[in-house]
Amino acid sequence: QSSGGNGEKVVNIGYSGPLSGAAAYYGENTLNGLKMAVEDINKEGFEVNGDKYKLNVVALDDKYLPNETASNGKRLVQENQTPIIFSPHSGGISALQVFNEVDNFIVSAYSSEPDIVERGNTLTVRIPPSYEGYIEPFSDYAMDNFGKKLAAIPPVTQYGKDWAEAIIPYWESAGGEVVHKASVDYSKDTDFFTLLTNALKEEPDVLFIGGPSEPTAKIVSQARQLGYDGGFIVMDQAKLDEMKNVTGSYEVLEGAIGVVPLIYTEYSGTKEFIDKYREKHDKDPGSEAGYHYLAMYVFVEAMKAAGSVDDAKLIREHIEDGLTNLPDDKKVYDLKHIEENGAIENFIRMGVIKDGEFEEVDVE
Amino acid sequence: MLEVKGLTKRFGGNVAVKSVDYSVQQGKINAIIGPNGAGKSTFFNLITGVHEPTEGTIIYKNEEITRQPANVIAKLGVARTFQSTHLFEMSTVKDNVIVGHRLRTKSNLFDSIFRTKRLKEEEQQCIAKAEESLDFVGLSHVSDQLVTNISQEEKKRVAFALALATDPEIVFLDEPTAGVNPDETDEMAKLIQKMADKGLTICLIEHKMPMIMRLAHHIMVLNYGEKIAEGTPAEIQKNEEVIKAYLGGTVSA
Amino acid sequence: MLKLDGVSAKYGKYLSIKDIDIDVVEGEIVVLLGANGAGKSTTFKTISGLLKATSGKILFNDVPIHQTAPEKIVQMGIVQCAEDRKLFPYMNVEQNLMMGGYIHRKRKAQLKQSLNDVFELFPILYEKRNEAAGLLSGGQQQMLAIGRAYMAKPKLMLLDEPSIGLAPLIVEQMFESIKNINQEGTTILLAEQNAFAALSIAKKGYVYENGQIALQGTADELLSNQEVRKAYIGA
Amino acid sequence: MNVLTNKKVIIPLLIVLGIVFPFVIPNLYYLHIMTLAFIWTIAVYGLNLLAGYTGYLSLAHGGFFAIGAYVIGILTVKLEMGFWLSFLLAPLVTMFIGLIIGLFALRTKEHFFAIYTLCVGYIIYLVIDKWEGLTGGVRGLIGIPLPEAIGPITFQSPTAQYYLAFFIFLLVVAVIYRIVHSLTGRTFIAIRNSEDLALSLGISTKRNKLLAFVLSTFFAGLAGAMYAGFIRFIGPEIAYTTITFDLLTYMIVGGIGTFAGPIVGTFLIVIISQNLQFLQDYRMLIFGPLLTLLIIFSPRGIVGFIQMQLYQRKRKKQESLAYKNREEETNAGG
Amino acid sequence: MELLMQQLFNGLTIGSVYALVALGLTLVYGILHIPNFAHGALYMVGGYITLIMMTEAGLHYILAMVVSICVVGLLSVLMERLVFYPLRHSPPIQDKVAAIGILLFLEALAQFIWGADYRQMSTPFGQVVEVFGLTLTLQRILIVFAAIAVMILLYWFLKKTFTGRTIIAMAQNREGAQLVGINTHKVAILTFFIAGALAAIGASLTSPINLVFPGMGHLVILKAFVIIIIGGMGSIPGAILGGYILGFTESLGATYLSADYKDIIAFVLLILILSIKPQGIFSKGGV
Ligand SMILES: Nc1ncnc2c1ncn2[C@@H]1O[C@H](COP(=O)(O)OP(=O)(O)OP(=O)(O)O)[C@@H](O)[C@H]1O
Ligand SMILES: Nc1ncnc2c1ncn2[C@@H]1O[C@H](COP(=O)(O)OP(=O)(O)OP(=O)(O)O)[C@@H](O)[C@H]1O
Ligand SMILES: [Mg+2]
Ligand SMILES: [Mg+2]
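Residue numbers (my numbering), protein chains in the order written: chain A, 1 to 364; chain B, 1 to 253; chain C, 1 to 235; chain D, 1 to 334; chain E, 1 to 287.
None of these hints come from the bench; they were simulated from the model. Hints should not be assumed to be uniformly reliable.
Example chain D residues on the side facing chain B (calculated, C-beta under 7 angstroms, incomplete) [unchecked claim]:
#1 ARG178
#2 ILE179
#3 ARG186
#4 ALA190
#5 LEU197
#6 LEU199
#7 LEU201
#8 GLY202
#9 ILE203
#10 SER204
#11 SER273
#12 GLN277
#13 ILE286
Glycine is no exception: its CB is placed at the ideal position from the N, C-alpha and C atoms.
Produce the complete structure using the sequences and hints provided.
Structure (structure tokens):
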């Protein structure tokens, strides 16, 4: 940490994510959340061991390429002494995990890729919930309301594959049938007529889809054009509210099951965050912004509890305290606790579109 | 030494060379003439392996070489020049010619990387050959100049030197003096004569009749791909058919 | 008709032609002689605007043209038949010729007539009219290039070594054709290696040496000049 | 000749610079970037051998780079082979695959070859991306081990890894130097000049083109293996066309077909693009035009530009000398 | 059977767009003799301009498309004047890299101005129609017919008008074109304008059934390269035929082979064709 102007010290927080190229939009959203947290925190600053600190985000572009993340990581740690580096993609996270224990920094991982916390890396904190909790409730609801025939069209990403590999066995074990399986590459295709024609010829009752919200919404509307009237299981990456912006109304999305969008979430700190975000960016925040906002606060609390702003190990040990000490008005989400492997446990919530309206459905 | 039998080349429906029988006289200057589009260049290209013949055989030193690729034919001792000279403009004349002797060397990648004795020897050999050839064509004085800086006529000589560096026994020259003024044409003719004197067999395409008539020992005339006459310059000059098809009234001009 | 006044031009940094003065009177055939690389083609390129003169003036019917774009110069009536022919290799013979008449594209009948004239001049082109120019033999391409220039019906035709690579019979015919074209009223500036033939049909000539004009005179003067005879006629 | 262009001065100077570099930098991040630059340079040298000297622009180079990386990755991670043996095998396997592809690819020429190889590169990427069982798919391969110690030398520290990369880099530069300045190199250049002419000079263009192609894949594979050993994590994106384009850019900026070009271009751009990082998402707004401008004003790259300047200075000297002589002659004659 | 028909129609739609983009590329190839990587960026800008004209300026879809055609056409011309013209004498690899530079710039610029997110374009032709049991949207029918109309128009222009011929002439020999009195600057400008316009048309037609985002040109352009190679570089009929061949192979391949390997199909097709015919199917150069 370095000294700032008036006796305050500055802690650099590292970020390496896609700020240009195909995934830039996603990268920007994550960075927005992080930056907003830092701005808010810096209004007052925070105190660790009697010293006053402010935060400074050092954000580097890695174009979604792990090797660039690795270079960026080296740079952030060496030049800016960042105790924490945020990375919002699993490739980058893996690349950082190669040396984060040696170079002594926490990887703040925004990815629900299970591998990330299963490698025994002691300085990784996974922010978002694992998707595994969604499998059961989503499937059950879909099967009960629409029928047993599922066509799976997940995106080609690792995330999509993992989802598919989790949901298909469950669907089958619950007595359902998978009638079609293919994957889509959203970085290459945004017209899905060919794909859907093939999927729909099997007359499925439910479509399993997902990926970035916009192309996912596109799949829904094109499926409707082709006469499909069943339900949709939407992977947690896509958000129903964002999908509505593409389809124009929730009517088209009738029967879609997905995670509860941030704007329909009502924890103690959610509203304030949403309002602030809207004002600043003139659009609704997605969960990636919310989680990054939240995570930064958790880290600050952990630093306070640890009594250190630069000892990564110590900070990691105090994440649990960070979660506990988190002020209520910052609770964009209500996080439960951090597990041994670095995964933060979370509540599972699901929503559906019914009669043209969003509706939260109880899980359990 | 080189003989072709029934040589034919079709391009699509076009017959560029039509069953030509011909044999090159060793150690002599053999000329091939004929109207434009008669198939002379194609004839050369067939022998030197640039094009594959449609029909016919080519025999060189009792060995059939009909469908051999150009590089194999060159190794057997058949060299050629092109009408337009492609040289590497940004390197020196000598560097351009050195590679001409590459076909007589054996060094491979291994030799190059470890700079073996063989490589060093062969490099010397190539350099010596290049110098010798440049000397022969009278270009020693420009051997260290970049090719961009030498004159058109000198470039033509470099092309000759390149051909000579391959250690050929027979050389095919396709219009070596096209666009060269009479004064320089004479110089080139002398060079061709000098090559023949050295024991090389020459095959020559030219439209410059005075030069051909003076240089050539033997002339073949092609017209529409067919051989219409063959013989000494004196015979050809008198041949009615040749006059009608090709020479017109300017034989003596 | 055409007047070059102290024209110099260069490729890159080095002067290729220096202080060239040439005067072509309407209706004449004028010959440029010179060794390879002496600067004849460079002069032609400068006249037709492909190369910009670095100094000096070029006047065509008293209008300065040394700053004019090549296509404007063509429209004014100067057409060059270049040494390396510059044909459209994938177009067939007839299309090449029609492109030659580009500036007269509105006058369909005239183009048809010119086309027939060219075919009459070079019957072989008629035979090959549907073949791609790039596949013609060297000599055939040369004829096509001349034919294409003819299609533009120029007032002044620049012929750069038209006899290159042509069979003797054809050369003879070609000089005949040049004479005919000239007699129909086209002024001709001709660069040639074949000095004897060229001077026989020309009115006057210029001899180039190292990018400068070393000698000039009427055709007869040049034909009888010992040095010229020795260097360019080979007798 | 200028001191700075004298080989006898500049080469030892650069080597010394390379050796003392780890001692003069403020932190290890510089070492990381420098090590990467060495690795990229090796790949660019491979590309230059084919595109610059032989005249065949391969756009599959990123793919071969990735093959090298994946071979070492698969051998060490999946088959748990030792690092050094895998490291040895990686470029060889790449070369072998290169040989097979080259046999077909080299039937084409010019743009056909460029696009053909572009497609080959893309297929390599897709294969790596889809063949999960072998390559780990999108997830990639994690946990490539460090090189085992050789006697007392260990490769744990970034400095040791830097010296290892530097050593291999020097070796490659020396080998490339010998190749391009030998009969083999002359043969390649002859092919670039004119294949017809080369054939008529008795050069087997087929064989030599294949040799150049295979060599170029060898260096790509070597660089890929070094990269995998250095980053220790690989994903399919290293096979993507962007890598090829990066390599191409390094080569062109440095000077295609020049000996020093790959080094100059790679180091320059790697350093510039690190320095443009502060621009974040707008850095391509600067980098794109910069690249285009450079190409417009110096098509033969930086090294080509310098060579041209030197050459023209020399020529001017000769010219003015010759001109003077001529003046004198004409004066004497007139 | 119905499935086959539906997929054939899908192939026809995709193929029409491919053909349009490939046509622009092939035209430019004819003049520049380089694969213009920046063409994909033009396609992308075309999509954005139409979108912006509709959302911000409130223009009708068709009007917005006209504006887009003009803007992208001019952008393309600008590119020629500022970059490719100065580079006309340098070897082709240089142009390629310069084109990559432009591509990087335009993408960054688009992201800077319009953001990196996926955007949706609405269309007045969104209606779903059933024809012979096939489900089509009007927009898709529009794509097919508009593309075919544009292609016929272009073909007629190039082959039958003197102005069109000048493009071909210049492609084959720039100086030769000057010597017959063609203003090569004008022709180059015209060509690039047409190429840009084709990219804009292609993008504007497909955007309503796709999404608009900075990277939208990537794969399209890669496939367009495949097409012009298959069709013979610089060949107009080749580009059209190649576009449809690819469109059909993809939609049928996705149906009867594997949807996951749909993208590989194009590239494998190319490798196969070039391995057998190294010069492409229509192996003559020239437009
Ligand atoms: N690659 C080719 N494809 C098709 N036709 C060709 C090809 N090469 C040559 N031809 C045709 O073959 C015939 C003979 O051409 P060739 O070049 O051999 O003539 P030439 O005798 O050398 O004529 P010139 O003296 O004018 O150079 C010509 O009609 C030409 O159009
Ligand atoms: N494109 C060019 N770039 C650089 N230098 C050139 C170029 N064209 C010609 N030159 C040089 O300009 C000078 C004059 O050449 P030019 O072509 O005008 O000669 P020429 O009299 O027409 O000769 P030839 O009889 O060979 O046609 C020569 O030294 C030549 O090397
Ligand atoms: Mg010939
Ligand atoms: Mg000339």
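Verification of the hints:
The restraint placing ARG178(D) at the interface with chain B holds, with a minimum CB-CB distance near 5 angstroms, inside the 7 angstroms limit. Hint status for ILE179(D) relative to chain B: holds, with the closest Cβ pair at about 5 angstroms, below 7 angstroms. A least Cβ separation of about 5 angstroms between ARG186(D) and chain B falls short of the 7 angstroms threshold, and the interface hint therefore holds. For ALA190(D), the interface hint holds, the least distance from its beta-carbon to any beta-carbon of chain B being 5 angstroms, beneath 7 angstroms.
Interface restraint check for LEU197(D): the shortest CB-CB distance to chain B comes to about 5 angstroms, inside 7 angstroms, so the restraint holds. Residue-level restraint check for LEU199(D) holds (minimum Cβ-Cβ distance to chain B is 4 angstroms; threshold 7 angstroms). At about 5 angstroms, the closest approach between the beta carbon of LEU201(D) and any beta carbon in chain B falls short of 7 angstroms, and the interface hint on this residue holds. The restraint placing GLY202(D) at the interface with chain B holds, with a minimum CB-CB distance near 3 angstroms, inside the 7 angstroms limit.
Taken as an interface hint, ILE203(D) checks out: its beta carbon lies about 6 angstroms from the nearest beta carbon of chain B, inside 7 angstroms. At a threshold of 7 angstroms, the smallest CB-CB gap from SER204(D) to chain B is about 5 angstroms, leaving the interface hint in force. Nearest Cβ of chain B to the Cβ of SER273(D): about 30 angstroms, over the 7 angstroms cut. The hint is violated. Evaluation of the GLN277(D) hint against chain B yields a violated restraint, the C-beta minimum of about 37 angstroms exceeding 7 angstroms.
The beta carbon of ILE286(D) comes no nearer than 32 angstroms to any beta carbon in chain B, farther than 7 angstroms, and the hint placing it at the interface is violated.
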